[in-house]
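Undergrad: Spelled out, the chains give:
Protein chains: 2
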Amino acid sequence: MNFPRRPITISALIFLLTVLPLAFPKETSSSTDHQFPRPLILEINESHHLKKSPAAEESELQCTSWRVAAEANNLSPWKKIPDECADYVKEYMEYKGYEIDLQRVSNESVLYARTLNLSGSDGKFSWVFDVDETLLSNLPYYVDHGYGLEIFDGEKFDEWVEKGEAPALKSSLKVYEEVLALGFKVFLLTGRSERFRNITARNLVRAGFRNWDKLILRSTEDNGKTAIKYKSGKRNELVQEGYKILGNSGDQWSDLLGTSISERSFKLPNPMYYIP
Amino acid sequence: MNFPRRPITISALIFLLTVLPLAFPKETSSSTDHQFPRPLILEINESHHLKKSPAAEESELQCTSWRVAAEANNLSPWKKIPDECADYVKEYMEYKGYEIDLQRVSNESVLYARTLNLSGSDGKFSWVFDVDETLLSNLPYYVDHGYGLEIFDGEKFDEWVEKGEAPALKSSLKVYEEVLALGFKVFLLTGRSERFRNITARNLVRAGFRNWDKLILRSTEDNGKTAIKYKSGKRNELVQEGYKILGNSGDQWSDLLGTSISERSFKLPNPMYYIP
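So the protein sequences, as listed, match chains Z and R. Convert by adding 884 to the 1-based position in the first sequence; the result is the number in the working numbering. Convert by adding 884 to the 1-based position in the second sequence; the result is the number in the working numbering.
Hints were generated in silico from the structure; no laboratory data involved. Beta carbons: idealized from backbone N, C-alpha and C, even for Gly. Mixed in with the good hints there might be a few duds.
Unchecked claim - For lysine-lysine, the following BS3-like pairs were computed, each having C-alpha atoms within a straight-line distance of at most 25 Å:
1) Z:K980 to R:K980
2) Z:K1109 to R:K1128
3) R:K964 to R:K1109
4) R:K1128 to R:K1113
5) R:K936 to Z:K980
6) R:K1040 to R:K963
7) R:K1109 to Z:K974
8) R:K974 to Z:K980
As the list claims (entries may be wrong) - Which stretches of chain Z does chain R cover? Using the computed rule of at least three CB atoms under 8 Å from a CB of chain R, they are:
9) 953-959
10) 977-986
Said to hold, decoys possible - A partial selection of chain Z residues facing chain R, derived with a Cβ cut-off under 7 Å:
11) L945
12) S949
13) V989
14) E992
15) F1150
16) K1151
So that you can see chain Z by itself, here it is in the shape it has in the complex:
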């Protein structure tokens, strides 16, 4: 027996066990038991320990389902996120889910914008952006307010708006700069009140947004209107002025539906609140 050689062979095996996975670096989302690299684990442990508990799995399925229903506009108006999804929404917003979804919408928007031929548009081709949770992120506010678990408090939110410190959604800034460079007229259509015009404009500039054509805010005559009605009315006016709305980005369906709907609309993710 050549004992001196054996440890080397074992080292080689351990080396292989460690290094071989690197040769197959990619996995899929949906590993069920038999799809998981079980043989390796079974030598050490039981594979079912690698899964979430059934209760945790069920909760995640239910809250994902709730979020998908919200994004697909299947839910009736809701005032706050479901209590049982509080941790789910927090993790979604703070971990990777929100960022991945934002990036995907941003990429789709840019791809679409680049397909459009703006020659002969006489400067009348336009893109409409909502502001809150579309260009500017109020996440620093919602971090302190349960990510939508608290009923919306208009006064507290207004105090946050007055600070003018909302950061840009970088993925939206990319779309914004792209459509400007392509020659679109850019309209910002926000549910914020007219009295926040200056601070909103300052906040936008500070966050990197420039050269919009119009910043449209809610005037006193629009008070009491639902967002969908107010925003439809403002889009109607743009169309009457001869503008063609080719793109519209918003985190609420009330930014996108109604009348004078854009050629194509992009629904940015927002599981924290709903505006009818």
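Add chain R to chain Z, keeping to what the hints say.
TA: Coordinates of chain R only, in the frame set by chain Z:
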């Protein structure tokens, strides 16, 4: 030197080299080397390794994000599901995800229908249902065709349709029976060709759907129209006949958008295919 043992060890190494890849059968586009569960041995003691591998987690996040984008109508027309989400979509359809999402849309639809006051409607209040993946499930077909991973094959699908064996989506049958009981006129508006009228009607009855007011199929004059244009045109006709469309259920956005849009629309989940 123990020569007799050496060939066995080499065989073991060759065996490992051959078999280990099978333990990592699935690939995705979006993971990188450092996300793989490299130190497998560490999994004995460290509890945080009881979670999914970072690569599997990343892949699931990406495919969930793709599915959400599809449900929110953020994607440009797509021909087939992304290769890297093949297993994800299969698990979604076969495990609990699809069923949970269907149930949620069904519950929301019934809740909404019950809020409507149909008195004084003169029998003109209506609900429009799409057929495929809305009332009838073609899952038995798609099981054999990669759940949307294969490019759609119209001839093969027509052979499946001719069998008339598509089962009901039970969650939709519940909505159907509820709105009938509430007194809605029910219109079925399908992209299926007029030549499938008889088999479609027989299939629907076999699956438990009865007493619809009209079954509208695509006639030769509708050939070449996109689904959104064809269905909008048919809804326009219903509205011109005096019907008020209060609810609309469909698994495609082309069932729901366009003209004569319903008061409220319900987007049933479908990550397998997209019809423009």
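Undergrad: Would you mind marking each hint as holding or not holding in the structure?
TA: Now the hints, each set against the structure:
no.	hint	result
1	Z:K980 to R:K980	holds (23 Å)
2	Z:K1109 to R:K1128	holds (24 Å)
3	R:K964 to R:K1109	holds (21 Å)
4	R:K1128 to R:K1113	holds (19 Å)
5	R:K936 to Z:K980	holds (15 Å)
6	R:K1040 to R:K963	holds (16 Å)
7	R:K1109 to Z:K974	violated (44 Å)
8	R:K974 to Z:K980	holds (23 Å)
9	953-959	holds (count 6)
10	977-986	holds (count 4)
11	L945	holds (6 Å)
12	S949	holds (5 Å)
13	V989	holds (5 Å)
14	E992	holds (6 Å)
15	F1150	holds (6 Å)
16	K1151	holds (4 Å)
Consistency note: the structure conflicts with earlier hint 7 alone.
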